[in-house]
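Chains as they are written, first to last, in the working numbering: chain Z, 1 to 73; chain F, 74 to 282.
Because the hints were derived from the structure by calculation, they are not lab data.
This one's a predicted model, so the numbers in the text were calculated from it and none came from an experiment.
It is possible that part of the hints are untrue.
The calculated label-pair distances, taken between Cβ atoms and stated as ranges, are [to be verified]:
{"hint": "1", "chain 1": "Z", "residue 1": "Thr73", "chain 2": "F", "residue 2": "Glu110", "range": "56 to 62 Å"}
{"hint": "2", "chain 1": "Z", "residue 1": "Gly43", "chain 2": "F", "residue 2": "Glu231", "range": "42 to 48 Å"}
{"hint": "3", "chain 1": "F", "residue 1": "Ile108", "chain 2": "Z", "residue 2": "Gly43", "range": "51 to 57 Å"}
{"hint": "4", "chain 1": "Z", "residue 1": "Gly10", "chain 2": "F", "residue 2": "Phe178", "range": "38 to 44 Å"}
{"hint": "5", "chain 1": "F", "residue 1": "Arg104", "chain 2": "Z", "residue 2": "Met27", "range": "52 to 58 Å"}
{"hint": "6", "chain 1": "F", "residue 1": "Glu110", "chain 2": "Z", "residue 2": "Ser2", "range": "54 to 60 Å"}
{"hint": "7", "chain 1": "F", "residue 1": "Arg198", "chain 2": "Z", "residue 2": "Val65", "range": "33 to 39 Å"}
Within a straight-line C-alpha distance of at most 25 Å, the following computed SDA-like cross-link-like pairs (lysine to any residue) qualify [stated by the list, open to error]:
{"hint": "8", "chain 1": "F", "residue 1": "Lys221", "chain 2": "Z", "residue 2": "Ser21"}
{"hint": "9", "chain 1": "Z", "residue 1": "Lys47", "chain 2": "F", "residue 2": "Ser276"}
{"hint": "10", "chain 1": "Z", "residue 1": "Lys25", "chain 2": "F", "residue 2": "Ala128"}
{"hint": "11", "chain 1": "F", "residue 1": "Lys181", "chain 2": "F", "residue 2": "Met191"}
{"hint": "12", "chain 1": "F", "residue 1": "Lys221", "chain 2": "Z", "residue 2": "Arg9"}
{"hint": "13", "chain 1": "F", "residue 1": "Lys220", "chain 2": "Z", "residue 2": "Glu64"}
{"hint": "14", "chain 1": "Z", "residue 1": "Lys51", "chain 2": "F", "residue 2": "Met191"}
{"hint": "15", "chain 1": "Z", "residue 1": "Lys52", "chain 2": "F", "residue 2": "Glu271"}
{"hint": "16", "chain 1": "Z", "residue 1": "Lys47", "chain 2": "F", "residue 2": "Leu232"}
{"hint": "17", "chain 1": "F", "residue 1": "Lys142", "chain 2": "Z", "residue 2": "Ala44"}
{"hint": "18", "chain 1": "F", "residue 1": "Lys221", "chain 2": "Z", "residue 2": "Lys51"}
{"hint": "19", "chain 1": "Z", "residue 1": "Lys47", "chain 2": "F", "residue 2": "Val149"}
{"hint": "20", "chain 1": "F", "residue 1": "Lys221", "chain 2": "Z", "residue 2": "Arg22"}
{"hint": "21", "chain 1": "F", "residue 1": "Lys142", "chain 2": "Z", "residue 2": "Pro12"}
{"hint": "22", "chain 1": "Z", "residue 1": "Lys52", "chain 2": "F", "residue 2": "Glu123"}
Cβ coordinates follow ideal geometry from the N, Cα and C atoms, glycine included.
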Amino acid sequence: MSDRYLDCRGRPCPLPLVEISRAIKDMASGETLTVTAADRAFGADVKAWAKKTGHTLVEFVDGEVQRVVIRKT
Amino acid sequence: MTDAAGEDVSALDPSLRRLIEGLVEKSVADRLQPIQEQMATLRTRVESVESATLADRVSILVFSGEMDKLLAAFIVATGAAAMGTRVSMFFAFWGLAAIKKRRMFKGKPITEKMMAAMLPRSSRRLATSRMNMLGIGPVFFKRVMRKKNVQSLPEFVELARELGVRLVACRLSMEVMGIREAELLEAVEYGNVAVYLEDARDSRVTLFV
Numbered sequence: 001m002s003d004r005y006l007d008c009r010g011r012p013c014p015l016p017l018v019e020i021s022r023a024i025k026d027m028a029s030g031e032t033l034t035v036t037a038a039d040r041a042f043g044a045d046v047k048a049w050a051k052k053t054g055h056t057l058v059e060f061v062d063g064e065v066q067r068v069v070i071r072k073t
Numbered sequence: 074m075t076d077a078a079g080e081d082v083s084a085l086d087p088s089l090r091r092l093i094e095g096l097v098e099k100s101v102a103d104r105l106q107p108i109q110e111q112m113a114t115l116r117t118r119v120e121s122v123e124s125a126t127l128a129d130r131v132s133i134l135v136f137s138g139e140m141d142k143l144l145a146a147f148i149v150a151t152g153a154a155a156m157g158t159r160v161s162m163f164f165a166f167w168g169l170a171a172i173k174k175r176r177m178f179k180g181k182p183i184t185e186k187m188m189a190a191m192l193p194r195s196s197r198r199l200a201t202s203r204m205n206m207l208g209i210g211p212v213f214f215k216r217v218m219r220k221k222n223v224q225s226l227p228e229f230v231e232l233a234r235e236l237g238v239r240l241v242a243c244r245l246s247m248e249v250m251g252i253r254e255a256e257l258l259e260a261v262e263y264g265n266v267a268v269y270l271e272d273a274r275d276s277r278v279t280l281f282v
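Sequences are here, hints too, so could you generate the full structure?
Have a look at this one:
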């Protein structure tokens with residue numbers, strides 16, 4: 001079970017990243033955030049975001065709707 | 074107590090001991106001084122090298138005043154801010170339109186009044202760089218963007234401000250175009266080329282839009 005959930009379907013670039021970074025800010029270290037999106041580029045974007053910010057991508061499910069689980073470091 | 078040669082020094086006359094101790098202290102201090110001086114020089118050098126390395130920052134010189142180009146600049150700015158990067162945007166010439174909230178005529182000389190009449194009224198009323206079609210283009214684009222949940226330019230400016238993006242209006246451009254502070258958003262700072270360069274030289278990413 002994830003600690004937080006964020007639905008970014010229908011939210012165009014760069015709003016998913018803005019909302020993820022806002023959500024992460026309020027979380028404690030080790031907590032997880034699940035994000036769903038419907039954007040072919042979301043996977044690449046969120047991977048770049050995680051690499052840059054240092055948080056961990058625990059899970060990434062591609063498809064019509066993408067789902068990622070991020071753990072705050 | 075014994076000295077380096079293993080001879081007992083505790084038997085020495087106290088005044089002689091004090092003298093020896095004094096000499097030792099002085100010689101240690103003499104040797105330490107150049108080392109301390111070298112350390113100080115090294116420290117200042119390290120500091121200057123550290124300040125010269127590129128920081129994780131983005132600075133954008135916003136020169137264009139068309140809605141589409143400004144949207145691109147603000148998408149980069151807000152995206153970078155969401156990735157934890159410090160972002161500065163400098164608005165020069167036509168780019169000032171992005172941070173314009175209203176148009177003023179009052180108190181301006183005739184040339185500035187003419188210029189004010191020809192410049193866009195606010196960031197809500199900007200042309201597009203292509204397919205403007207006498208203003209039909211922007212209306213069309215705004216409608217399409219709203220349908221697809223893409224934020225409008227003023228919304229992007231507000232988001233940038235919220236995310237802590239530094240917004241700087243170029244004073245020289247304001248002077249040339251007769252734009253007053255009261256016509257721009259309250260959130261902007263004012264600066265000239267040195268302010269831009271100071272941020273740009275520390276930035277890994279610099280863009281001219």
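What hints, given by number in increasing order, does this structure fail? 1, 2, 14, 18
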